[in-house]
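K.L.:
Spelled out from the first residue to the last, the chains are:
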Amino acid sequence: MKALGYALGLPAALVAAWWVASDGSTNVFLPPLRTIVEAFRDVWFSDTFVRDVVPSLWRLAAGYAIALAAGVVLGFVIGRWAAPRALTGPLLAYFRVLPAPVLIPVLLVAVGIGDTTKLVVITVGAVWPILLNTADGVRAADEVGLQCAAAYRLPRRTRHLLVLRGASPQIFAGARQALGLSIILMVVSEMLMSTDGLGFTVVQFQRSFAIPQMWSGVLLIGLLGFGLAKLFELVERRALRWHRGHTGQLTERP
Amino acid sequence: MTSLLEIAGIGKTYRARERTVEVLTAIDLTVSEGEFVALVGPSGCGKTTLLKIVAGLLPATVGQVRFGGRPVTEPPPGLGVVFQEYGRSLYAWKTVRQNVELQLRHLDLSRARRRELVADALDAVGLGAAGDAYPWQLSGGMQQRVAIARAVAYRPRLLLMDEPFSAVDAQTRADLEDLVATLWKRYGMTIVFVTHDIDEAVYLSQRVVVLGAGVSGVQADIPVDLDADREQIGTRSSARFGELRTRVWTQVRRTPESEMV
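Residue numbers (the working numbering), protein chains in the order written: chain A, 1 to 254; chain B, 1001 to 1261.
Read the hints as simulated data drawn from the structure, not as lab findings.
Where a beta carbon is used, it is the ideal one built from N, C-alpha and C, also for glycine.
Between beta-carbon pairs, the in silico distance windows are: (1) Thr48(A) with Ala1112(B): 58 to 64 angstroms; (2) Pro1059(B) with Ala70(A): 33 to 39 angstroms; (3) Arg156(A) with Gly1217(B): 36 to 42 angstroms; (4) Gly1188(B) with Arg157(A): 29 to 35 angstroms.
These stretches of chain A come out as covered by chain B in the derived footprint (C-beta under 8 angstroms, 3 or more residues): (5) 157 to 170; (6) 237 to 245.
Can you build the whole structure from these sequences, using the hints too?
P.N.:
Here you go:
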């Protein structure tokens, strides 16, 4: 209860401060929070939700899922065997520092404005932290555990799964970073090349001087990111309970 | 007695860039079915290396290991292992029961038989009630019991133990030694037990094999003619025990100082 109070205290205070400070605002670009909240209700509790939020969420989910699958598979191969690691080393070093949005103009010409382009941008940008963390985690697989698995003649598939599960704390760390990146890339790609979606809508509002509506979009994207991060945390806490226990971060002994 | 394990002319050389390090030279050793052999020697004598070669986890540079008459090129069926690092040899995301059951899953066993083997093994090590716990919820000694249960459930013909009790406290160590002695008799396995503790070697085994650092072949092979029924206080304070440990000690101390670490 006390923890909850601490967690909510500052955000509540800031929102209240914003509310009071902006209440009499006549600045067109900084409308009263009251106006923004009204705009929020009018804009997002309507068919705009289906038209713009659903496509955004779909792109985010698909792009992130592809990045997750590709990152884990490639990271596993690169982490597990020396030859692919040596082969891809310089290439990885190059691509990991290449900012994904730079692909947008290229893809625009090559693929067009459709969903594929946005998915590619999200996937290409988000795959790196997953791939690199997975490779690190797989490479650090415990030698003793592997020797036990070999001595007891566990099938290859089982041994791969053991390595992957052992690497899951690093995989989750990468996936968490990738989630944040995916949201950014989803919004950016929609701002630059789209006819619907959250990013597109915010830019549209700004261009048509619908400032409270623009603000409400910013608010929604923030809330979306926050909600997804919390959801991720929930999944991670469940999946990595053993890791906290193993590393002595769990005090209870059920 | 028929021989289960034949180690013939095993040598292991590690090549670093500028120098070669010979860890094992011309080791010959035969272990009979049902025997309990302890392997001792100063650090750097290659006892762990020898164990890994026997397990098929490490290739020898020269020589051959035969297990049940077949040359060992990879871990053979019927082999159990218990390593010193219990915390790393168990899978922390699996419960005790899942850890013990894992290597039975790909054997041709019915579900019922598998469960029976797991339950029996957990009972045998005194962890019958801890099946649903995770390894990290247990003490070090109990974790090592899980590793032993994992081996027992597998019903190995040969159990290789690499300094299994080096990381636990003295009281736990004595308990675990007696546990291994009991299990050895009960399941009729052959055990090769690597340790740097000479008292432990004499207390547990029927034969102590001494490896020397930088020595060709086995340095000494000392039969332990103590009663089959041993007991921590009585056995360890007997005159014969004292003589045997002195003999082993003398052999271990005789080896030249190792140049390797």
